[in-house]
Amino acid sequence: MSIKAINEEFLQQVESLQMLIKNNVAGLFGGNRKSKTFGSSCEFADYRDYVAGDDITKLDWNAYARFDKLYLKLYLDERQMHTRIYIDASRSMEYGKSKKAEQAIKIAATLAYLSVCEMDKVSVYVIREKSLEEVISGIVGKEAFISNIHKLNEIEFGGDSYISDAILPSKVGHGDGMSVIISDFLTDNDYERAIDHLANKKRHVFCTQILSREELNPLTRGKVHLFDSENINKTYRKHVDKEIAKAYKAALNYVTGKINDFCAARNADYLLASAEDSVFEIFFGKLVEMGVLK
Amino acid sequence: MTFLYPLGLLGLIGIPILIIIYIIKNKYTEQTVTSTYLWTLSEKFLKRRIPISKLAGLISLILQILIIAALSLAIAHPVIVMPGAAHEYCFIFDISGSMNVEENGETRFEKGVGKIEEVINDSLGGSYYTLICVDENTAVVFERETDKKLAIEELNRVTPGYASADITDAVDVAKGYFTNNAGIKTYLITDKTYQNTNNVEVINVGSQVDNHALSDVNYVLNGEKLTVNGKVISYSGDKTLTLELYLDEREQLTASKTVSASGEFTPFTFEETVTVSNVNSVTVKIKEEDALALDNQATVFNLKNENSYKTLLIGDSTFFLEAAIVTVSNAQITKMTSAEYEQNPNVSGYGLYVFDGVVPKTLPVDGTVWFLNVQGSVPGSGFSFQGVVDPEYAIKLEKSTSTSSLVQKLTYGVEGSNFIVSQYVKYGLYRNFTQLYTYNRNNAMVFTGTSERGNREVVFAFDLHNSNHTISIDYVALLKNLLDFSFPTVVEKVSYECGENLEVNVLANSDSVKIISPSQKETYLDTSSVIGEYTLDEVGAYQIVMTVGGAEKVYNVYSVLPEAERTPVQTAERVEIVGEASGSGLNGIYDIVIFLFALLAVVFIADWGVYCYDKYQLR
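Listed in order, the protein sequences are those of chains A and B. Counting from 2, one number per residue, gives the positions in the first sequence under this note's numbering. Counting from 12, one number per residue, gives the positions in the second sequence under this note's numbering.
Hints in this document: simulated from the structure, not taken from any laboratory. None of the values given here were measured: they were computed from a predicted structure. It cannot be assumed that every hint is accurate.
[Unchecked claim] If you want a taste of the chain A side facing chain B, the calculated C-beta under 8 Å gives, among others:
id: 1; residue: Thr-188
id: 2; residue: Lys-224
id: 3; residue: Val-225
id: 4; residue: His-226
id: 5; residue: Phe-228
id: 6; residue: Glu-231
id: 7; residue: Ala-248
id: 8; residue: Ala-252
id: 9; residue: Leu-253
[What the hints assert, rightly or not] Computed list of lysine to aspartate or glutamate pairs in EDC-like fashion (alpha-carbon distance at most 20 Å, straight line):
id: 10; chain 1: A; residue 1: Lys-239; chain 2: B; residue 2: Glu-41
id: 11; chain 1: B; residue 1: Lys-58; chain 2: A; residue 2: Glu-244
id: 12; chain 1: A; residue 1: Lys-100; chain 2: A; residue 2: Glu-155
id: 13; chain 1: A; residue 1: Lys-243; chain 2: B; residue 2: Glu-54
Glycine residues also receive a C-beta, built at the ideal position from the N, C-alpha and C atoms.
Given these sequences and hints, build the entire structure.
Right, here's the structure in full:
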């Protein structure tokens with residue numbers, strides 16, 4: 002079932018959001034940012050001593066005339082970044098009254114918009130089973146965004162998803178921007194390999210874990226037989242009492258903490274968002290709190 | 012243990028039913044969640060539980076089984092039977108006047124009630140309780156009552172009396188119970204000390220208290236000089252008391268004086284000059300308060316005033332009659348000539364109507380009627396006019412020789428041997444009359460009876476001027492007897508001791524006689540009998556309201572606390588139940604239903620707590 006999360010109203014919200022945070026992006030996005038390496042753009046950066054083998058066209062002859070020494074002019078390298086957004090399209094993202102899928106699409110769309118505003122290239126993928134489906138492919142600019150973003154509404158959620166198995170074989174780029182993984186990460190599947198892989202590819206990784214209110218604070222009590230929406234064979238049969246509720250909270254903290262720690266160790270960002278949070282709450286609340294937005 | 016209502020145990024059937032329902036209902040709720048990943052993972056974080064915690068899910072069931080069991084048992088009303096542990100109790104409760112003595116804010120009577128309640132409450136179920144209350148009478152309030160609550164309720168309905176108590180009667184009644192059951196425990200609750208108390212346990216609620224009292228208050232009014240005499244006593248040692256004198260129940264103090272009272276009766280006298288022509292009542296009060304207020308005041312009413320009557324004399328020459336009536340009675344006389352009567356024949360509101368030579372148009376609606384030389388028939392009177400007889404020689408009347416009590420009473424003190432009349436009226440009698448004097452046995456000359464309306468009648472068949480009667484000594488005696496017959500003395504005396512019988516002479520044509528006690532309790536006496544009796548059971552002023560022909564006559568008497576009850580503690584007669592007491596008791600019943608209900612309440616609250624705990628996510 003597709004989610005009609007992207008509509009005119011939402012796009013207006015995103016536009017206003019972009020205007021509000023226009024000057025506050027602290028390195029989250031690339032686009033027309035200057036790279037740490039010196040390149041061949043027109044913008045002067047510095048001088049260094051000439052060494053044999055250097056391009057003599059970069060020599061500053063005026064400086065040679067004044068100092069009688071060869072200096073090479075250095076220019077900032079300027080590259081276009083490529084933001085790749087991966088959306089977990091498993092059944093757990095969409096089951097029941099959960100709004101996780103809708104939230105995932107909204108976050109993806111918002112990040113995509115912020116990226117195109119920075120003149121980055123944006124691709125959106127769906128992780129389905131062990132493969133990726135490209136929903137939006139390398140769009141640049143707002144016009145392309147407007148004309149393509151509705152495709153997110155057509156994402157079908159269902160089945161299982163294997164993040165690492167899907168991302169590892171795919172073309173993820175190298176050092177050219179940010180990779181965003183949006184999932185509930187409620188799986189034993191090895192998503193860690195995917196993060197490692199992206200980090201090794203010099204990509205800035207941003208993991209967004211979306212959980213529903215019921216998952217964050219379950220009210221289930223008494224004798225229950227729970228069935229997994231993704232796999233009917235996975236069940237849980239217990240008399241849920243105070244102790245089990247406590248254990249659940251501990252398990253939740255363990256899972257979120259584990260992802261957070263893993264991301265932190267790889268200089269990646271991690272965001273835990275409730276499916277019921279608004280986009281404003283996420284971007285102005287949590288991301289500011291995390292220091293991603295200032 | 013036994014059950015009073017074993018059928019209640021049928022409720023235990025509910026337990027298996029509950030278990031079956033529990034098994035049927037006790038299913039796991041199936042629910043699909045987005046992911047069971049966290050739930051499964053939570054197992055690793057679950058603390059190791061103690062085995063008993065596995066029973067947690069069964070707590071509600073266990074509690075509900077307990078509720079059904081407790082409820083069923085409670086309905087079955089289990090009792091533990093303890094042979095010989097219970098007893099039969101007989102309480103002789105002295106509720107005489109002295110039990111009204113107040114000590115530390117509590118009267119002896121209240122203290123006694125508390126003691127009896129204590130014994131009843133401390134006794135084991137299965138016991139029997141009998142309460143005998145004694146004041147001037149002995150009354151069994153309840154007999155062999157088994158219900159503690161009912162016994163205490165009945166006990167609390169008892170009110171203290173004011174009269175003296177005759178314990179002997181009550182002990183005789185208690186002996187009857189002892190004869191039936193020698194194991195009975197007999198208690199006497201009193202404020203008096205008794206010499207021999209064999210088989211009777213005395214609970215003495217009395218103690219030495221401060222008390223003083225008045226006694227024998229009376230007065231004499233001689234012209235304007237009022238002399239009030241009485242006695243005063245202090246039971247708790249010598250003290251100086253202030254006596255206050257009030258007249259006619261007015262609040263205004265007439266006089267006061269201080270007297271030194273001791274343990275013996277000390278006389279006192281007030282001598283006052285009063286301006287009023289008459290005094291209706293004299294009240295003496297002791298100003299100082301003590302433990303028993305009932306004996307600190309005494310009122311004496313004017314007996315003469317209580318028995319005074321309004322009399323209407325109708326006639327043109329009533330001198331002899333008026334003089335005689337005033338001499339021998341308290342009548343307040345109003346006179347009316349025959350011409351005035353013609354103008355107002357329906358006159359009413361008098362106790363006595365005397366028609367002297369005047370034929371009444373109709374009988375008065377109220378009061379006694381005397382006819383003297385009435386030369387005409389009066390409808391409803393019971394006799395008819397047959398003519399005037401004017402004999403050639405004066406005739407001699409014959410006094411009745413009847414031995415009837417009425418004739419004897421009416422002719423008391425009358426010699427009657429020389430009663431001469433020169434002219435008389437002949438009447439035909441068609442109702443029963445008592446003839447006092449006759450002539451030739453066929454002519455009724457002086458007779459009495461009642462009219463159709465019930466009014467008493469006295470008839471003289473001659474004019475007093477035509478007889479020698481008015482100059483005879485018999486005249487006054489006969490007139491007094493007839494006035495007594497016409498105006499029976501409603502109350503013979505005005506001062507009584509509480510517990511005495513008040514005798515009220517009911518007027519023949521009385522509509523009602525009402526006694527109003529000091530506590531405003533109203534009692535109506537039977538007007539069909541000549542004398543109505545009433546036991547004075549309160550201390551204070553009583554009113555006797557007699558309604559005659561729509562008019563009310565009010566009489567006052569005063570009831571004082573009996574002298575025997577004024578002494579707070581006294582040694583009295585023996586209180587003994589002769590016989591060999593047996594130690595055998597009755598089957599004691601220990602009722603445990605209250606504990607079951609308490610258990611039921613606790614378990615119910617616990618189950619409710621468990622329910623709320625689950626329902627409102629407390630765990």
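Going through the hints against the structure:
1. Look at Thr-188/A: its Cβ gets to within about 6 Å of chain B, closer than 8 Å, so that hint holds up.
2. For Lys-224/A, the interface hint holds, since its Cβ comes within 8 Å of a Cβ in chain B; the closest pair sits about 4 Å apart.
3. A cut of 8 Å between beta carbons decides the hint on Val-225/A: the least distance to chain B is about 5 Å, and the hint holds.
4. Given the 8 Å rule on beta carbons, the hint for His-226/A holds: about 4 Å separates it from the nearest Cβ of chain B.
5. For Phe-228/A, the suggested interface contact is upheld, since its CB lies about 4 Å from the closest CB of chain B, less than 8 Å.
6. Among the interface hints, the one on Glu-231/A holds; its C-beta lies about 7 Å from the nearest C-beta in chain B, closer than the 8 Å criterion.
7. The closest approach between the C-beta of Ala-248/A and any C-beta of chain B is roughly 4 Å, which is under the 8 Å cut-off, so the hint is satisfied.
8. Below 8 Å, beta-carbon pairs count as interface contacts, and Ala-252/A has one with chain B at about 4 Å; its hint therefore holds.
9. Taking 8 Å as the C-beta cut-off, the interface hint given for Leu-253/A holds, the closest approach to chain B being about 6 Å.
10. A distance of roughly 11 Å separates the Cα atoms of Lys-239/A and Glu-41/B; the hinted pair therefore holds under the 20 Å criterion.
11. Among the hinted pairs, Lys-58/B with Glu-244/A is consistent with the structure: their alpha-carbon atoms are about 8 Å apart, no more than 20 Å.
12. The straight-line distance between the Cα atoms of Lys-100/A and Glu-155/A is roughly 16 Å, inside the 20 Å bound, and the hint therefore holds.
13. Between Lys-243/A and Glu-54/B the alpha-carbon distance is near 13 Å, which keeps this suggested pair within the 20 Å criterion.
Against the hints set out earlier in the document, no violation occurs for any number.
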